[in-house]
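*Asks:* The lines below spell out each chain.
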Amino acid sequence: MWNDKKSISLSKLCVLVFTAMLIGTDLSAPWLVRWFVDFSRANLVGKEAFFLVTIYSGSVPAAVLLFCLYRLLRRIELEQVFIATNVNYLRRISWSCFVGAIICFASMLYYFPWVFVAVAAAFMGLIVRVIKNVIAQAVELKNESELTI
Amino acid sequence: MPIIVNLDVIMAKRKISSGELGEKVGISQANLSILKTGKAKAIRFSTLEAICKALDCQPGDILEFKEQDLK
Chain A
1 MWNDKKSISL SKLCVLVFTA MLIGTDLSAP WLVRWFVDFS RANLVGKEAF FLVTIYSGSV
61 PAAVLLFCLY RLLRRIELEQ VFIATNVNYL RRISWSCFVG AIICFASMLY YFPWVFVAVA
121 AAFMGLIVRV IKNVIAQAVE LKNESELTI
Chain B
150 MPIIVNLDVI MAKRKISSGE LGEKVGISQA NLSILKTGKA KAIRFSTLEA ICKALDCQPG
210 DILEFKEQDL K
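Residue numbers (our numbering), protein chains in the order written: chain A, 1 to 149; chain B, 150 to 220.
Hints are supplied without guarantee of correctness; some may be wrong.
Unchecked claim - Subject to a maximum C-alpha distance of 20 Å in a straight line, what follows is the list of computed EDC-like cross-link-like pairs (lysine to aspartate or glutamate): (1) K5/A / E79/A; (2) K190/B / E144/A; (3) K188/B / E144/A; (4) K188/B / D205/B; (5) K185/B / E146/A; (6) K188/B / E146/A; (7) K190/B / E140/A; (8) K173/B / D210/B; (9) K162/B / E172/B; (10) K190/B / E169/B; (11) K12/A / E79/A; (12) K202/B / E216/B; (13) K185/B / E144/A; (14) K6/A / E77/A; (15) K190/B / E146/A; (16) K188/B / E140/A; (17) K132/A / E144/A.
Hints in this document: simulated from the structure, not taken from any laboratory.
Taking the hints into account, I'd like the entire structure generated from these sequences.
*Replies:* Here it is as structure tokens:
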């Protein structure tokens, strides 16, 4: 029978899969970039170093995002949902998305399609930011209701 | 907060302990402590009514408004 615990476990598993994919991408980045440059019809020869810089600099906010996501899920698992710590995690996730968007936006200078990733990341950051605002209000309401005697 | 809770003063005047008051009002020691220390954000009318009944006093005896110095 499907329940909340299994749902959280599935989410955690997905985060771990994405973490493994991130590590795999970082380790195989030089080969991936070489394959992409060879495969692409656009003339990207000589731009391999730029791709590597984008991948490695983008890995930092991605790692922060995945770590915060895992910690957030762990807190939810422990039934600590409406707490200030989770608001901080959501804030970090949102900022990680924005940092990723900035990196992709800058990478647009040598490869235009990065703009699609930048827009997607920025939009994701915006959604998480709104969720963070909602949770922050919920935390305040919960504290107020707990301190109503 | 500019609302001061003078519950401990009234309790001392009536010579009633926290345990006894908590039992009469039907609230826990922890909640009574929150109320006495001024950490409470709000008080229900039902709780106020029960406290006033238990201590034989008026809400104004327990709650006091003091202008807050914002400097």
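*Asks:* For the pair supplied as a hint, K190/B and E144/A, is the alpha-carbon distance within the 20 Å limit?
*Replies:* With Cα atoms ~6 Å apart, K190/B and E144/A stay inside 20 Å; holds.
*Asks:* Quickly compare the C-alpha distance for K132/A and E144/A to 20 Å and report which way the hint goes.
*Replies:* 18 Å, holds
*Asks:* Is K185/B within 20 Å of E146/A, Cα to Cα?
*Replies:* Answer holds: K185/B to E146/A is near 15 Å, not above 20 Å.
*Asks:* Does the alpha-carbon distance linking K162/B and E172/B stay inside the 20 Å limit?
*Replies:* Holds, at about 18 Å.
*Asks:* Has the given pair, K188/B with E140/A, been kept, meaning a C-alpha gap of at most 20 Å?
*Replies:* Given pair K188/B, E140/A holds - Cα atoms ~14 Å apart, limit 20 Å.
*Asks:* Going straight from one Cα to the other, do K185/B and E144/A come out at no more than 20 Å?
*Replies:* Holds, because 17 Å separates the two Cα atoms, which is no more than 20 Å.
*Asks:* Could you grab the alpha-carbon distance between K188/B and E144/A and see if it respects the 20 Å cut-off?
*Replies:* 10 Å, holds
*Asks:* Does E146/A sit within 20 Å of K188/B, going by the straight-line distance between their CA atoms?
*Replies:* Holds. K188/B to E146/A sits at ~11 Å (cutoff 20 Å).
*Asks:* Keeping to a limit of 20 Å between CA atoms, is the pair of K12/A and E79/A held or broken?
*Replies:* Given that 20 Å is the threshold and the Cα spacing comes to 15 Å, the pair holds.
*Asks:* Is the Cα-Cα distance between K190/B and E169/B 20 Å or less?
*Replies:* 23 Å, violated
*Asks:* Given the hint that K190/B pairs with E140/A, test it: the Cα-Cα distance must not exceed 20 Å.
*Replies:* Holds: K190/B and E140/A sit about 11 Å apart, inside 20 Å.
*Asks:* CA of K5/A to CA of E79/A, is that 20 Å or under?
*Replies:* 10 Å, holds
Checked against the numbered hints above, the structure violates hints 4, 10, 12; every other hint is satisfied.
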